[in-house]
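K.L.:
Protein sequences, first through last, are from chains R and B. Quick note on numbering: my numbering labels position 244 of the first sequence as 244, and the sequence is numbered without any gaps. Quick note on numbering: my numbering labels position 134 of the second sequence as 134, and the sequence is numbered without any gaps.
Source of the hints: derived by calculation from the structure; they are not laboratory data.
List time: in silico BS3-like cross-link candidates among lysine-lysine, alpha-carbon distance up to 25 Å:
| # | chain 1 | residue 1 | chain 2 | residue 2 |
| --- | --- | --- | --- | --- |
| 1 | B | K235 | B | K249 |
| 2 | B | K250 | R | K69 |
| 3 | B | K199 | B | K240 |
| 4 | B | K368 | B | K381 |
| 5 | B | K99 | B | K259 |
| 6 | B | K114 | B | K129 |
| 7 | B | K353 | B | K129 |
| 8 | B | K249 | R | K69 |
| 9 | R | K69 | B | K417 |
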Amino acid sequence: MSKQITAWLQAAPMAFVLLGFLVAPIIMIAIVSFWGATEYSIYPTFQLDNYEFLFSSPVTYTVFLNTFKYTAITWIITLLIGFSVAYFLAFEVRSLKWQIGLFLLCTIPFWTSNIIRMISWIPFLGRNGLANSALISMGVIDEPLEWLLFSDFSVILAFVHLYTLFMVVPIFNSMMRIDRSLIEAARDNGASGWQTLRHVIMPLCKPGVMIGTIFVTTLVMGDFITVRFMSGSQRANVGRLISNDISLLQYPSASATAVVLLCTVLIVIALLLRLVDIRKEL
Amino acid sequence: MTTISKVRYSRRSLLKSGGAALAASTLPAPMVWGQETKNITLRQFGTGVSNLNEVATKVKEDLGINLEMTALDTDSVTQRAATQPDSFDIADIEYFVAKKVWPTGNLQAMDASKIANYDKIVGIFRNGKLTPESTIAQGTAPHTVGFVDGPGGTEFVDNESGWMTLIPTIYNADTLGIRPDLIGRPITSWTELLNPEFKGKASILDISSIGIMDMAMVCEAMGEVTYGDKGNMTKEEIDKTIAIFTEAKKAGQFRAFWKSFDESVNLMASGEVVIQSMWSPAITAVRSRGIPCVYQPLKEGYRSWGGGIGLSASLSGMELDAAYEYINWYLSGWVGGFLMRQGYYSAVPETSKDYMSENEWGYWFEGKESTADITSPFGDKLAGAGETRDGGSFYDRMGAVACWNSVMAENQYMVRKWNEFIAA
Numbered sequence: 001m002s003k004q005i006t007a008w009l010q011a012a013p014m015a016f017v018l019l020g021f022l023v024a025p026i027i028m029i030a031i032v033s034f035w036g037a038t039e040y041s042i043y044p045t046f047q048l049d050n051y052e053f054l055f056s057s058p059v060t061y062t063v064f065l066n067t068f069k070y071t072a073i074t075w076i077i078t079l080l081i082g083f084s085v086a087y088f089l090a091f092e093v094r095s096l097k098w099q100i101g102l103f104l105l106c107t108i109p110f111w112t113s114n115i116i117r118m119i120s121w122i123p124f125l126g127r128n129g130l131a132n133s134a135l136i137s138m139g140v141i142d143e144p145l146e147w148l149l150f151s152d153f154s155v156i157l158a159f160v161h162l163y164t165l166f167m168v169v170p171i172f173n174s175m176m177r178i179d180r181s182l183i184e185a186a187r188d189n190g191a192s193g194w195q196t197l198r199h200v201i202m203p204l205c206k207p208g209v210m211i212g213t214i215f216v217t218t219l220v221m222g223d224f225i226t227v228r229f230m231s232g233s234q235r236a237n238v239g240r241l242i243s244n245d246i247s248l249l250q251y252p253s254a255s256a257t258a259v260v261l262l263c264t265v266l267i268v269i270a271l272l273l274r275l276v277d278i279r280k281e282l
Numbered sequence: 001m002t003t004i005s006k007v008r009y010s011r012r013s014l015l016k017s018g019g020a021a022l023a024a025s026t027l028p029a030p031m032v033w034g035q036e037t038k039n040i041t042l043r044q045f046g047t048g049v050s051n052l053n054e055v056a057t058k059v060k061e062d063l064g065i066n067l068e069m070t071a072l073d074t075d076s077v078t079q080r081a082a083t084q085p086d087s088f089d090i091a092d093i094e095y096f097v098a099k100k101v102w103p104t105g106n107l108q109a110m111d112a113s114k115i116a117n118y119d120k121i122v123g124i125f126r127n128g129k130l131t132p133e134s135t136i137a138q139g140t141a142p143h144t145v146g147f148v149d150g151p152g153g154t155e156f157v158d159n160e161s162g163w164m165t166l167i168p169t170i171y172n173a174d175t176l177g178i179r180p181d182l183i184g185r186p187i188t189s190w191t192e193l194l195n196p197e198f199k200g201k202a203s204i205l206d207i208s209s210i211g212i213m214d215m216a217m218v219c220e221a222m223g224e225v226t227y228g229d230k231g232n233m234t235k236e237e238i239d240k241t242i243a244i245f246t247e248a249k250k251a252g253q254f255r256a257f258w259k260s261f262d263e264s265v266n267l268m269a270s271g272e273v274v275i276q277s278m279w280s281p282a283i284t285a286v287r288s289r290g291i292p293c294v295y296q297p298l299k300e301g302y303r304s305w306g307g308g309i310g311l312s313a314s315l316s317g318m319e320l321d322a323a324y325e326y327i328n329w330y331l332s333g334w335v336g337g338f339l340m341r342q343g344y345y346s347a348v349p350e351t352s353k354d355y356m357s358e359n360e361w362g363y364w365f366e367g368k369e370s371t372a373d374i375t376s377p378f379g380d381k382l383a384g385a386g387e388t389r390d391g392g393s394f395y396d397r398m399g400a401v402a403c404w405n406s407v408m409a410e411n412q413y414m415v416r417k418w419n420e421f422i423a424a
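Pulled out of the complex, with its shape left as it was, chain R reads as follows (with noise of 0.2 Å):
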């Protein structure tokens, strides 16, 4: 049998599971997206109706830009944090051992599922929960802090909890990669920790970073049940848009948001991976 071959038929179980299970139901949406719906039930059909409306509609645009937001918002801390728990991890943790050790106690809060770690959150910032009663007792604040929950900051809280791991996995082992020796011939050089942070260290992550930045991107973006819960359902994200629709039998309308939530999506993509070539660094 011809190599050639040999690699097809690798690959064909893959790509049998991707087609049936990733690429129809894609498919599948779209064609619906151009469908009609009444009240209890969908027809097909031809009509651009939803397409039209999600874009006449001020709730369609406050509502990206909602979710461009928290992403926005969440891609930067958790980035700030992923990086520097990953820098600690991989320069300053010199043993293997300790290296691998403090690398698990960062995944022991993915041991629960994501839904509980983010309702947690709800008792202890909440009017008369831990962190006001804390404050209270404590001196700093008078009155509890409403903003602590059901707000943008509870939002924006819970999103980085949950996904700085996603950050931080990449990120070290972009930097477990690096040759030591370049950051000795850096320093040898005369470079301040800054300068081969800046020049040396960075520039080598960047393919860490990207992958962390599009599990990030493609989290928040796509998700509707943290919002729901941690704003106490009055923030809205283009997922919970999503979520609304199809409790409502609104089939096709949701299609239509769901494949301009995916365009939207893909182009961000599509953006990040020009600025990094990440089959080239990897």
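Put chain B on the given structure of chain R with help from the hints.
P.N.:
This is chain B only, laid out in the frame that chain R set:
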């Protein structure tokens, strides 16, 4: 064959409960029961309020029918009834949902002559009138979607045609829940929901079809909007209503919105919210944690809802007979008592009486002062001796219904405006 089944049922009832003699006598003698239903399985789904495992256990015991229960939230229930007709035999849905689901043809009309206690079903579900003098409230009143013109009927009719879409099972009158300890003064009107005094401490439910009605009750009470029919608003009325609430939301009136029952319980119990739309069992849940919570009767009246059982269009033969037998059993009292002891009402209250103590019946139905502790069927203490139910008797509460949960002609428009409200 048929008589054996009947005898078996009666004998078991006699053995089971104290009031069994009465219960048995409520079953009319010439009733034709279905075939032996021992090994028949019926799949039922509905909201968590009535899809309780205790019912399945009891029906197995009494009739031998295996009932598989699935509990879902309100929206998922509608979704399932409308889109997955083969996934169920019995749909336990709300009346306003029937308006959406019936046109799909997924349910079949029921022959009222096969329902033993049909004549005893509360008037609300038959001609719309609780008592002959009652006026019919706005919204999707159950009797308006309760009947069709024949076995294959597709249109709802406004008379007791003998062909029912749903058999009423459970209903209640909803109002605002409050924390009396944190408010410290009497609350008497729906307007209080938007009172700036409760800024950042109010909540409303994020289920558009029900939330819009609560909003309408508030706007009407404030005198800001006059509705032709709150259950079927015009676009202009929807705009005005949403505008008032959007303004309040932007001013920070609301702490959160809730979608599931547990959320409403937590909001109230934690003190995040002191006044909000609430459902009766949620009040019970807050109280059973030892936190004071009142289901506050308001002068403008209640927003009411009703649920019923519908039969899947694909049910036939033995299964169909079993389903009828199940429905007759449902209305024969045990389930009614079980539900009424949680604060709901049963479609045939008089049969439920036999399954409740005098104290319970007095407290829950007649609005009398309790003579001893009132406990839920699950054993939680809900009230002590000498307490009365919020809102009083059945006739006081159900007689003060201002509107029913509904589906409007402008529903799609309303939903879009609702989304704007949430995103605002």
